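Chains A and B, in that order, are what the protein sequence lines are.
Going left to right, the first sequence walks through residues 1 to 531 as my numbering numbers them.
Going left to right, the second sequence walks through residues 1 to 335 as my numbering numbers them.
Simulated from the structure, these hints should not be mistaken for laboratory data.
Be aware that one or more of the hints could be misleading.
To be verified - The list that follows gives simulated cross-link-like pairs (lysine to any residue, SDA-like), each with its CA atoms no further than 25 Å apart:
(1) B:K59 / A:D198
(2) B:K59 / A:N368
(3) B:K111 / A:Q332
(4) A:K203 / B:A107
(5) B:K67 / A:D198
(6) B:K59 / A:T200
(7) B:K111 / A:L174
(8) A:K203 / B:S131
(9) A:K203 / B:Q103
(10) A:K307 / B:Q103
(11) A:K307 / B:A107
(12) A:K298 / A:I314
(13) A:K203 / B:Q110
(14) A:K208 / B:G101
(15) B:K59 / A:I367
(16) A:K211 / A:V253
(17) B:K223 / A:G451
Stated by the list, open to error - Label pairs and their in silico Cβ distance ranges:
(18) A:E204 / B:R69: 21 to 31 Å
(19) A:T528 / B:K12: 21 to 31 Å
(20) A:L470 / B:I6: 17 to 27 Å
Remember, predicted model here, so these are calculated numbers, not experimental data.
By construction, the Cβ of each residue, glycine as well, lies at the ideal position given by its N, Cα and C atoms.
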Amino acid sequence: MLFFTRWKAAAIVLTALVVCLFAVPNFFPESMVQHWPSWAQRRIVLGLDLQGGSSLLLQVDTNSVRRERLQALDEDVLRVLREARIPFTGRAVRGDHVEVHITRPTDVDNAVGKLRALSQPMPGFLGTTGQRDVEVSENGGLITMTPTEPAIIERIRQAVDQSIEIIQRRVNELGLVEPSIQREGADRILVQVPGLQDPTRLKEILGKTAKLDFRMVDLSMTPEQAAATHPPEDSEILEGQTPGEKYLIEKHVLVSGGDLVDAQAGFDQQTSQPIVNFRFNSSGAQKFAAATQANVGKPFAIVLDNKVISAPVIREPILGGQGQISGNFTVQSANDLAILLRAGALPAPLTIVEERTVGPGLGQDSINAGEHAAYAGAALVIIFMFVTYGLFGLFANIAVTINVAMIFGVLSFLGATLTLPGIAGIVLTVGIAVDSNVLIYERIREEVRAGRSAINAIDAGFTRALATILDSNITTFIAAAVLFYIGSGPVRGFAVTLGVGILTTLFTAFTLTRLIVAYWVRMRRPRTVPI
Amino acid sequence: MRLLRIVPDDTKFDFMRFRRISFPVSAMLSIVAILLFFYHGLNFGIDFIGGTLVEVQTKAGPADLAKMRATVGSLHLGDVQLQEFGAPNDILIRISEQPGGDQAQQAAIQKVRDALGDSVDYRRVEVVGPSVSTELLSYGTIGLVLAIVAILIYLWFRFEWQFALGAMIANVHDLVLTVGFMSLTHIDFDLTSIAALLTILGYSLNDTVVIYDRIREMLRRYKRLPMPALLNASVNATLSRSIVTHVTVAMSLLALLLFGGQAIHSFTATMMFGVVLVGTYTSVFIASPILIYLGVGVGRMGGAEEPEPPIVASTAPPALGKPTAPSARRARARR
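Bound conformation, chain A alone:
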């Protein structure tokens, strides 16, 4: 146990040194570290509870994704059956499927064939999996089309990916520093912005879907009449910006916000009110030109997230693909809308399910508290070890110090996040790391009392103790692993430092302490053990 070949000794020292070196970039300011090679730049990330900042957990409204899929399917069914000139009744979206009844039994097979063509095969790892994205079934003339669950899950996944991109753009527009936007689970997104104190504006920007449509106003009846009876099949009642304002708007979309190429906040030249100027791409400009040409003199509605923000009358055809939106805007809201339009519409609404914001004052206090606790704890332990085990206590202290440096090295290498509970984890690890050395030393003492010679006692102490060290540390490691899996945020930081601490403790106990003692034994050739 005490015998180390030169190679082994060198390997151990080198490993410890390299791991410790990874901790070095943390002590230099960012400006200097930037010039170093990329593998030397890894640092520990300070958690939001130490840095200050905002963390928002957003949930993608998956029901909305399902509804939109069904609606799109519904419109496709209408289109296909009309093109094939197949009469039908009772076309409706019910629950999780679209159903339609074919009037003439002779048409049923034809209809099923045409509708089946709407269903696409689902891609798999090696070509198609054989599953389709819509299940089509028919019973007595009633055709039911159900999007399959894997297809929906795929759509949700795409919606989340798209949402992340759009959030990224919106957050960039706000000029926020280094935001971190990540998927969390199947349908959630975690947005973390260090340094952000008041996330109110961010929440507003992220809370709006920003779906912009241009549609015609339906003048066939007043909104009140439509509310009393039934709105015409292709129109719906939408609210305006002031409460109580209602409009009857056609469902058909003339141009959508997806065709916008730019949007800028500005001021109306005549009224000096804040407005938003927009510009379409060529396809959108064409559609807009066609729509305005065909409808001169009629009002059209600009609908944002199913609310009418403006319904101006088309005075002349707009051929240039440019225009302005005026409504009850403040400078801020006009700016916000321009940001939203530039970044794009979210595929599904986002709800904020969890929010944690820490101010810089508390963050700095936490760092100070963590530092004080760490130094105090380390000092107490070091003094105690020295007083109890003398020279060997000194060896243990050296090993524990290197242990802590290695913890920082590993955390830097992983780019892990350090939180306040994480610092507590490191302080705790110091207490636990000492235990491995204590086990060894107490065993050595026992072996001495049992009558072994000094060197044999030391050797036996190490041999007997190491199995126990392994067993006892593994149980704590299991607890840390479970905590990592179920925890989030600061708690996860604690699990990481605890887990890493146990691994480095095992390494130093098995190698460093032994190495130091072995070297001392070889140099001093002691007759008695000074424990």
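Put chain B on the given structure of chain A with help from the hints.
Same frame as chain A, now just chain B:
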């Protein structure tokens, strides 16, 4: 240099004798703890029951708690609690979960911000909606159960089943008492408390495993020693190490408790109770004697009285002391 010896080298306490007291006492304390949990309840934080937590610092001098309470109360947000948090101008506002799902929580925090305006600095804002809080609660409970099962399996793998079961009973008992403590002191119970419980579990097992390791070694070496004596010998042998380690961990926790600040106060206090107070007690007085009841060592050769193993009695190294009759007997026994 004279070294500190907290525990003398040759302790011979009869720990196992106390099992007739310690078992009933522990059973009673556990029942009390469980009753406390059900009737007194835990002070669940917003992590588990949703709601909003705002820590504000008034900019102009100490806070007028009554006025703030009135301001926030007038917003009609249901159950609202305000309390001082560390310094006189540091106030913690806690608003219970609003009906209406996640969006309602957002509306509530916005109202609070509008109402308090610029008069305060927002040190910390935490809003947890109903979907996340139920998840965290179930994850927390599942996590605890999972950890217990995983460790049970690991111990079964390394030791015999009686050891695994004994360790589990002892350490679940630890957790039960700690939860009772948390209920009694009305300490905040949130995600960091789960972290504390898991760490107490892991660390307390750490302790138990060290003793079990020694017991296993003794079982191999002293086949005819009756169980109580063998267990006593094991515990006495590891006593020095246990005390030293508990002192070092206690010192780390003390540093955290004194300097770590309010944010992790509940975490450190819980750890202090669970690891230092309860953990030590159960490792010695529950985890070891329980092996007797679980029938460990019964299958060995019968219980003829044997001299105590050398570890427990004080020994002078044979080279230095004059060989006496006891020493010769011991030398024979070792063979």
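So, going through the hints one by one against the coordinates:
With a C-alpha separation of about 17 Å, the suggested pairing of B:K59 with A:D198 holds against the 25 Å cut-off. For the given pair, B:K59 sits about 21 Å from A:N368 by alpha-carbon distance, which is consistent with the 25 Å threshold. A hinted pair counts as satisfied when its Cα atoms are at most 25 Å apart, and B:K111 with A:Q332 qualifies at roughly 20 Å. Of the supplied pair hints, the one linking A:K203 and B:A107 holds, its CA atoms being roughly 11 Å apart against a limit of 25 Å.
A distance of roughly 24 Å separates the Cα atoms of B:K67 and A:D198; the hinted pair therefore holds under the 25 Å criterion. Of the supplied pair hints, the one linking B:K59 and A:T200 holds, its CA atoms being roughly 21 Å apart against a limit of 25 Å. With a C-alpha separation of about 23 Å, the suggested pairing of B:K111 with A:L174 holds against the 25 Å cut-off. Note on A:K203 and B:S131: the hinted pairing holds, with a Cα-Cα distance of about 18 Å set against a maximum of 25 Å.
For a cut-off of 25 Å, the pair hint linking A:K203 to B:Q103 stands: about 11 Å separates their Cα positions. In summary, the hint linking A:K307 to B:Q103 is supported, as the alpha carbons are separated by about 19 Å, within the 25 Å threshold. For a cut-off of 25 Å, the pair hint linking A:K307 to B:A107 stands: about 20 Å separates their Cα positions. Restraint check for A:K298 and A:I314: the C-alpha separation of about 6 Å stays at or below 25 Å, so the hint holds.
Straight-line distance between C-alpha atoms of A:K203 and B:Q110 comes to about 10 Å, which keeps the hinted pair within the 25 Å bound. The suggested pairing of A:K208 with B:G101 holds, with an alpha-carbon distance near 17 Å, which does not exceed 25 Å. With a C-alpha separation of about 22 Å, the suggested pairing of B:K59 with A:I367 holds against the 25 Å cut-off. Restraint check for A:K211 and A:V253: the C-alpha separation of about 12 Å stays at or below 25 Å, so the hint holds.
Simply put, B:K223 and A:G451 have alpha-carbon atoms about 22 Å apart, close enough for the 25 Å limit, and the pair holds. The hint said 21 to 31 Å for the Cβ distance between A:E204 and B:R69, and at roughly 29 Å that hint holds. Take A:T528 and B:K12: their Cβ atoms lie about 25 Å apart, and the range 21 to 31 Å holds. As the Cβ distance of A:L470 to B:I6 is approximately 26 Å, the hint placing it in 17 to 27 Å holds.
In summary, the structure agrees with every hint in the numbered list given earlier.
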